[in-house]
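Just so you know, the sequences run in chain order A and B. Each step along the first sequence adds one to the number in numbering that gives the first Met the number 0, with nothing skipped, and position 184 is 183. Each step along the second sequence adds one to the number in numbering that gives the first Met the number 0, with nothing skipped, and position 262 is 261.
Since the hints were made in silico from the structure, they are not lab data. Glycine included, C-beta positions come from ideal geometry on N, C-alpha and C. Hints are all accurate, no fakes.
What follows is a set of in silico ranges between Cβ atoms, one per label pair, in the way DEER data are often shown:
| id | chain 1 | residue 1 | chain 2 | residue 2 | range |
| --- | --- | --- | --- | --- | --- |
| 1 | A | R189 | B | G45 | 52 to 62 Å |
| 2 | B | T48 | A | F29 | 45 to 55 Å |
| 3 | A | D178 | B | L46 | 52 to 62 Å |
| 4 | B | R49 | A | F29 | 43 to 53 Å |
| 5 | A | K3 | B | L174 | 18 to 28 Å |
| 6 | B | N125 | A | R189 | 54 to 64 Å |
| 7 | A | R262 | B | R49 | 53 to 63 Å |
| 8 | B | R49 | A | T133 | 23 to 33 Å |
| 9 | B | N125 | A | P12 | 23 to 33 Å |
| 10 | A | V251 | B | G45 | 44 to 54 Å |
Covered by chain B, according to a simulated footprint, are these stretches of chain A (three or more residues, beta-carbon under 8 Å):
| id | region |
| --- | --- |
| 11 | 16–28 |
| 12 | 82–92 |
| 13 | 121–129 |
| 14 | 240–252 |
These stretches of chain A come out as covered by chain B in the derived footprint (C-beta under 8 Å, 3 or more residues):
| id | region |
| --- | --- |
| 15 | 4–10 |
| 16 | 95–109 |
| 17 | 201–212 |
| 18 | 225–235 |
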Amino acid sequence: MGSKKALVGLLTPPMLWLVVAYLGALAAIFATAFFTTDPFTNEVVRTFTTENFKALLSPTYLRIIGRTLFIAVMVTVLCIVIAVPFAYFMARVAPRRLRHLLVAAVLVPLWASYLVKAYAWRTMVQPGGVLDSTFGTTPGYGFAAVVLTLTYLWLPYMILPVYAGFERLPESHLEASADLGAKGLHTFRRVILPALLPAIAAGTVFTFSLSLGDYIAVQIVGGTLQVLGTTVLQNITLDLPFAAALGTTSVVIMVFYLVAVGRTGALDNL
Amino acid sequence: MRSGVRTRASFWVFALAVLAFIYVPLGVVAINSFNSDRTFGWPPPGLTTRWWSAALKAPGPRDALRTSVEAGLGATAIALVLASLLALALTRYRFFGRNAISLLVILPIALPGIVTGIALQSVIQNVLNPVFGINAGLFTIIVGHATFCIVVVFNNVTARLRRMGGSLESASADLGARPLTTFRLVTFPLLRTAILAGALLAFALSFDEIVVTTFTAGPGTPTLPIWIFNNLFRPNQAPVVNVVAVILVAVSILPVWLALRLSGTEAAESRL
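Isolated chain B (complex conformation):
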């Protein structure tokens, strides 16, 4: 379609408006973290770094940050192992129930989080606590997060395995390598960046999750998003909430940038 100058110009205007729509609200939160007005009147009457130093000293966000990082690392580690095994099984073998399994992997991210959340909560209350004496806390957060993190690692590794094809592995087998040797010397090195990208994205997903976490975190172990949500409606905490929000965005975007560099845009699209 050849379009005239005016049509093209209006597309540019529209696109810039959409980009503004996407980025202005995030920019506002960033600016508000320096807003000297406690109730965030706009435009800010003055700028201050008071909230930043207050937030960095406050014990609440710091403990929450530690919980978030620990949960993210734990969930990522579990998801990494389970998803890689699953991806290898599903791309390199044909067997009955294969499609059902690939559906099962997406389910935790496709169903409303609140359904997964209450399901896991009732398992904690009815099985884990009475039978094993496990209370809601870091462990249960990790279990919940790992369940929905599997899908991002799985998507990344599967995409890479498909693109690789099986010929290199066949060649390795023809040259006499055993399956484990082939995996160690051929498959794994080729998968490494895809696994790493998947891990970064899984960490980002876990770091940001709130719905399932609400139901699996005990009262004593809030993650950063839970801490924000609990303090969102408390006026005297509002300035600190803004600072924590900025940190949360920064920490969740950083892994995505790295994953983009490692594995291209397909990796970051694995959230779709």
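One chain only, chain A, in its complex shape:
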């Protein structure tokens, strides 16, 4: 269609921006993870070392990494448990004219301020807050509040792909299953779930990796809870190379997860 010259013209400005402003910065920070810090001046010393990654293997940091992974898994499972029946409701139970409204009802909170949503849960779980006065009890700031808040934050990221998965599932498959005598739950296990798996896997990419990197919500509702993100934050000013190593760790975990999910074919839907 166009000439080579036109292509170069189109590509040059965005590539300059993404490669110079972004990729360059990123490469520099990954390299920093292999540097060290002068203990007296806190200046970064540019000599190659793997000390930062060895320090990550201490019990303190292994526990923090484990806790972060556990939170990410819990949040992901909770999102699946809530999203699958809700998406089924959106696609199959609710009247057709309500569907657009329901999609909008899920999309709007996806864009509503992240910070305010986390803050909203602070007022929900605070002593004397909504949960306390309605149910007589509150988890307070800490682990449970973090899991709850992150589930709330990332739920739309799970609902939307799963809803799209249900939309793609032909009604005839469900009818065939029913005609062959399968009961509701049986159809769910043998027909719906296998067809839905790629959509769910796509949703977990968001819920898992967003939970892994989060530190703002953790600071707002987590009390003194330590996760990967908060430890990165604490090390930035005093020991940037170690902070970089911690950040790199979360990126590496994410990449492993992406590769694993990619094998299920889920990423083709994105």
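We have chain A; now place chain B onto it with these hints.
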């Protein structure tokens, strides 16, 4: 699957519970902005508009709002140009490294914000400041935001270009129009609503961003989310924080509604 009345009823109950789970916390923040109790005891002992008038008079949030709007407009403008060019290149040409580039575009939104944040922060400290004399401030906020705003505009424009196909552009070329004329008279008019929807969403994304902003904003130029976060743990600022929070939600949702009208739900899903 034919389901009985009771199954359907339980789905309705469950769905209403989920919708309540999604909307009640946001509603609570809105109500709390009128709560007369300074520590937000629930239920509110009384309602007042005191915090709203206090917030509208306070200079902190107002300056922060201006910074946020300026950063949003600047980042959106840059993202708009870069993303449209990129979308045209990637949908209308086949070349080596095409897949790598589409991966590179998502990277800023896919990687944890804190990693992007410290990366940009060390560029400011080690390159921009010593070499160019640029300090962390509005300019660096715009650079950071533009980087992750590119992806939403890109997704919107790419989706539209794919749906359009190339036949109209070919027809225009066959009728003798030069590439630039074709772009001006055929491609751009068809892309206009997609670009506008992308711009609205990019603005919403920038307006709400906090993580990357923490590392690229100087101490003197907080955006609205940064202002909220800085004042979140100060008890005497809490009532004003609630009001600002309500404003933040309103301003970030408005563009999304407009984008939904312009380009359908696919547009707003470009955050996924």
